Amino acid sequence: MDREIVERVARAAHIALTEEEFNKYSKDLSEILDYFKLLDEAPDFDGSGVNPVEVADVLREDESSIRINPDELLKDMNTYENYVRGPRLS
Amino acid sequence: MKTESTLSSLPRVNAKYSMFNDFLKDGVDDGSKFLFSAKDNLTSKDFETCSGSRILEGYHPVFNATAISKMISAGGKLIGKTNMDEFGFGTFSTNSGFGIPKNPFDLERSCGGSSGGSACAAAVLEDHVSLGVSTGGSICCPASFCGVYGIVPTYGRVSRYGLIDYGNSLDKIGLLSSKASDLAKYLPVIAGKDAMDPTSCVQPELKIEKRRIDNIAIPKEAIEGLSKDVAQTFNNAIETLQGMGIETKMIDMPALKYAMPAYYVLATSEASTNLARYVGMRYGHQDGDLSMKFDEYFTSFRSKYFGDEAKRRILLGTYTRMAGFRDRYYAKALKVRMYVIDAYKQILKDNDAILAPTMPFVAPRFDEISKMTPVESYKADYLTVPANLAGTPHMSVPCGYDPNGMPIGMQFVTDHWHEDLLLTMAEQWDKSFEMRKAEVSI
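Which chain is which? The protein sequence lines are A and B, in order.
Using my numbering, you'd call the opening residue of the first sequence number 1 and step up by one each time.
Using my numbering, you'd call the opening residue of the second sequence number 1001 and step up by one each time.
Keep in mind that a hint or two might mislead.
Distance ranges between label pairs, derived from CB positions [unchecked claim]:
#1 B:1034 to A:69: 37 to 45 Å
#2 B:1002 to A:38: 44 to 52 Å
#3 A:69 to B:1207: 33 to 41 Å
#4 A:58 to B:1291: 18 to 26 Å
#5 A:27 to B:1004: 51 to 59 Å
#6 A:72 to B:1033: 22 to 30 Å
What the hints contain is simulated information worked out from the structure, not anything from laboratory work.
Keep in mind it's a predicted model, so treat the numbers as computed, not measured.
Note that beta-carbon positions come from the ideal geometry of N, C-alpha and C, so glycine has one too.
Whenever a hint applies, use it, and build me the whole structure from the sequences.
Dropping the structure here:
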């Protein structure tokens, strides 16, 4: 697999690879994708869908409610004045 | 008294088998009707929940998963969270960030995965039922390796609310126990519609009508590549089934060979998006340097705390969804899933169930596992993946032992929503099979 593609994938996945990991995953991914070539031979079945069983829409009107107390959720988070703290945006 | 002795033995049992990530250290018998454990990717208020991953270390959910709540409402006491492959990524439970559960029949061997800790707890603890989760074989594989019963209901039968996602279109919560009757006892407890998981809301009612499996189809493709002992034991089991008055016949099921690559494409694609939420904010480790730019900050956590197999699957899933590759892999895999489902439906029109061994070999030793390449390890799932891809209910039952005493299992698959047939089969099989318990000395 091209080094450039593996670098692009790792960047998109937000994973920094050491040189050793880079070599290992390049080799593994090539072997796995080789195996996936079997899919090319599969019949082009008419039909697709993202779930194995039919899933009905269960739309309803919005209602406001608090199921979990936000204060409880914040207890486990790194906060400042009840805001979740995160890194700089730029 | 039994409850008391089980609770007091947990520290010693866990020291020997490493089946729990977190468990009750000083639990007392408070009159609960039964004890149960749950795989550590189900959120629990009273225990740390890590899904086998270091990135979630220290995460204390504020709510119980629906399946856990329902077990507690039925009178159960949750005694621990079972060890597993990180986010369910594995066949041997060796990809956990928190030690490796040991097979109760041979401590040098794997419990199977990814619900390895659940199978171990079901095999070792007395009168114990464990909640497991299966995405591609994670209940039946460990059930087979540890010699217990394991059932995976239809996709959508049990609410996934509170389940830490691996692959949303594939994840199913089920049960493991050394008692066949536990499956029929507890599946109705955890099944049912839940507004918190819309995929659970289309299910027909789970009716326990004691319907029996009268005829079984065995795919020729599923009995290729078996170890000698598994092949022999499986043949003996077929004879036993015939002796029970069940008709068996060999069939062709060419769709099976495409299930594996389709499954791994869909599972890793979905996993790579689900795991995007773990960035060192909100859950688990959050001790990074906030003066970093967000890209660097997120990347630093993910690179440090995700394990080897998690990184491999995230990279793979990111690749198969990328512009330029998506149609060849992800879109094709969705079509192949429909093709595999259609193949099951066609066969199950004329047959009550499809049967094959659960795993092609007995639980391997850890030194054998360490020599396997990723593709070899993925291929070990070729018997369990197809039914998981199709979302059809399936069940592994113990059916024999190899000359070293290692358990062997076989797996029944029925059509969507027909769990009743499996539950009846479990009880029928139990009457004609002499089950061995692992020798537990602590």
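Verification of the hints:
1. Restraint check, residue 1034 of chain B to residue 69 of chain A: a C-beta distance of roughly 30 Å breaks the suggested window 37 to 45 Å.
2. For residue 1002 of chain B and residue 38 of chain A, the hinted distance range of 44 to 52 Å is satisfied, since their beta carbons lie about 50 Å from each other.
3. Remark: the range hint 33 to 41 Å for residue 69 of chain A to residue 1207 of chain B is upheld by a beta-carbon distance near 38 Å.
4. A hinted range of 18 to 26 Å for the beta carbons of residue 58 of chain A and residue 1291 of chain B is inconsistent with their spacing of about 44 Å.
5. Range check, residue 27 of chain A to residue 1004 of chain B: about 53 Å between beta-carbon atoms, so the 51 to 59 Å window is met.
6. Range check, residue 72 of chain A to residue 1033 of chain B: about 29 Å between beta-carbon atoms, so the 22 to 30 Å window is met.
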